[in-house]
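Number of protein chains: 2
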Amino acid sequence: MSTKTTRDHIVKCADQLFYQQGYEHTSFADIANIVQISRGNFYHHFKTKDEILEAVIDVRLAKTRKMLTEWENQSDQPAERIRSFIQLMITNKIAIKNYGCPVGTLCAELAKLNHASQAEANKLFTLFRIWLRKQFTLLGCKENAEALAMHLLARSQGVATLANAFHDEKFIKQEVTQMCDWLDSFTSHATENQTH
Amino acid sequence: MSTKTTRDHIVKCADQLFYQQGYEHTSFADIANIVQISRGNFYHHFKTKDEILEAVIDVRLAKTRKMLTEWENQSDQPAERIRSFIQLMITNKIAIKNYGCPVGTLCAELAKLNHASQAEANKLFTLFRIWLRKQFTLLGCKENAEALAMHLLARSQGVATLANAFHDEKFIKQEVTQMCDWLDSFTSHATENQTH
Chain W
1 MSTKTTRDHI VKCADQLFYQ QGYEHTSFAD IANIVQISRG NFYHHFKTKD EILEAVIDVR
61 LAKTRKMLTE WENQSDQPAE RIRSFIQLMI TNKIAIKNYG CPVGTLCAEL AKLNHASQAE
121 ANKLFTLFRI WLRKQFTLLG CKENAEALAM HLLARSQGVA TLANAFHDEK FIKQEVTQMC
181 DWLDSFTSHA TENQTH
Chain E
1 MSTKTTRDHI VKCADQLFYQ QGYEHTSFAD IANIVQISRG NFYHHFKTKD EILEAVIDVR
61 LAKTRKMLTE WENQSDQPAE RIRSFIQLMI TNKIAIKNYG CPVGTLCAEL AKLNHASQAE
121 ANKLFTLFRI WLRKQFTLLG CKENAEALAM HLLARSQGVA TLANAFHDEK FIKQEVTQMC
181 DWLDSFTSHA TENQTH
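Chains as they are written, first to last, in this note's numbering: chain W, 1 to 196; chain E, 1 to 196.
No lab work stands behind these hints: they were computed from the structure. Heads up, some of the hints might be wrong.
Treat identical chains as interchangeable: a pair holds within one or across any two.
[Stated by the list, open to error] Keeping only pairs whose Cα atoms sit at most 30 Å apart, straight-line, the calculated BS3-like set for lysine-lysine is: (1) K170 to K49; (2) K4 to K134; (3) K142 to K97; (4) K63 to K173; (5) K142 to K170; (6) K66 to K12; (7) K97 to K123; (8) K93 to K49; (9) K173 to K134; (10) K97 to K63; (11) K47 to K142; (12) K4 to K142; (13) K66 to K134; (14) K49 to K97; (15) K12 to K123.
All values derive from a computational prediction rather than experimental measurement.
Just need the whole structure built from these sequences, with the hints factored in.
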């Protein structure tokens, strides 16, 4: 493998382990074992678990930015774009049931550890927050776009936490339907406001 | 201190450490250091961190049962009782801002660790779930009492996760107002249904 590919491979394995078993519980050795390269080669890329975490967060940020741009490109309707955000819970329902939300659980863990990368990880939430706020603004709700964005983000987080605790995939579907209904009633209300 | 008092003291200190810095990150030694008793005395009560966790969960379950009974005794109106649940977020807002929800973060962590006490910890959620379902049933919504209970539980969890990530106390207040409005509109609807 090229140096870049090896580095990407380490980050990918670490990302998965941090998500599935937690950051604190995953040791530097756990990652090295799974990557299956020599210690020398491994240390060439990363000296500490903290460095790996930084790289994992960077990759997640880049992937999130890409996904948000794709959702924007897929539709010029802000309601449709918000629906893409809601539907992500369905796409990821098995992982959510097993490990919760990758953003929420990482931020919660780093907050408890009072970890130096806490602010970087929170940027993942901020990306969604700003993007949702933008869509709600485009939808015609300039004044409460921020509150609506945070409300929807919170609802998705709560669903992930309970689906994980109760190991309940159906609950995700049930709440996704409700979030879509909420969005529908909301957009029809916005349309009414625009009409009147 | 008596044997019982010493044990209670250990459990109390451990509960706080698990909540504030996470279960995995808290070592057996961390707890012993904070409790400030001899190792011999400490080991007399607990041999492993897992045993301490079991005791912590037992205490939390007992406290939660007591709190739910108190809310029931404080009012015979199910809506008022549900309001007590919602208002708990205001009472605990500083701790939530700093460390998230004690139930949600513990369950999420134990799920990742695939810990043997996972099911016991989830009983904390189940206590709230059954209690809320009972109140919604008393409110006249037999058919969707379960969905309403889970919905409210999820919303409170989501609020805790984001308030913690963004270190935002105001967001808790904002969402608590919305949850109360939701409950109000819901109860007025229930009253209408009863009237018609």
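Point to revise | K66 and K12: within-copy, between-copy, both or neither at 30 Å Cα | key: within (17 Å within a copy, 46 Å between copies)
Check your understanding: When no copy is specified for K93 and K49, does a C-alpha distance of 30 Å or less occur within a copy, between copies, both, or neither?
Key -> Classified as within: same-chain Cα gap 28 Å, cross-chain 32 Å, threshold 30 Å.
Point to revise | Intra- versus inter-copy proximity for K97 and K142 (alpha-carbon distance at most 30 Å) | key: between (34 Å within a copy, 27 Å between copies)
Review point. When no copy is specified for K142 and K170, does a C-alpha distance of 30 Å or less occur within a copy, between copies, both, or neither?
Key: between (34 Å within a copy, 20 Å between copies)
Review point. For the identical chains here, do K4 and K134 meet the 30 Å Cα criterion within one copy, between copies, both, or neither?
Key: Neither way: K4 and K134 sit 35 Å apart in one copy and 57 Å across, limit 30 Å.
Check your understanding: Between copies, within a copy, both or neither: which fits K4 and K142 at Cα up to 30 Å?
Key -> Neither: 43 Å inside a copy, 58 Å across copies.
Review point. Is it within, between, both or neither when you check K49 against K97 at 30 Å Cα-Cα?
Key: both (27 Å within a copy, 27 Å between copies)
**Study point:** Homo-oligomer pair classification [K63, K97; C-alpha up to 30 Å]
**Key:** both (21 Å within a copy, 28 Å between copies)
Check your understanding: How would you classify K63 and K173 at a CA-CA limit of 30 Å: within, between, both, or neither?
Key -> The answer is within: 24 Å in one copy meets 30 Å, while 32 Å across copies does not.
Review point. What label fits K97 with K123 when the C-alpha limit is 30 Å: within, between, both, or neither?
Key: Close inside one copy (24 Å) and across copies (17 Å); limit 30 Å.
Check your understanding: With identical chains treated as interchangeable, where does the CA-CA distance between K170 and K49 reach 30 Å or less: within a copy, between copies, both, or neither?
Key -> neither (36 Å within a copy, 34 Å between copies)
Exercise for review: At 30 Å max between alpha carbons, let me know whether K47 reaches K142 within a copy, between copies, both or neither.
Suggested key: Answer is neither: 46 Å inside a copy and 58 Å across each miss the 30 Å cutoff.
The structure shown violates the earlier hints numbered 1, 2, 11, 12.
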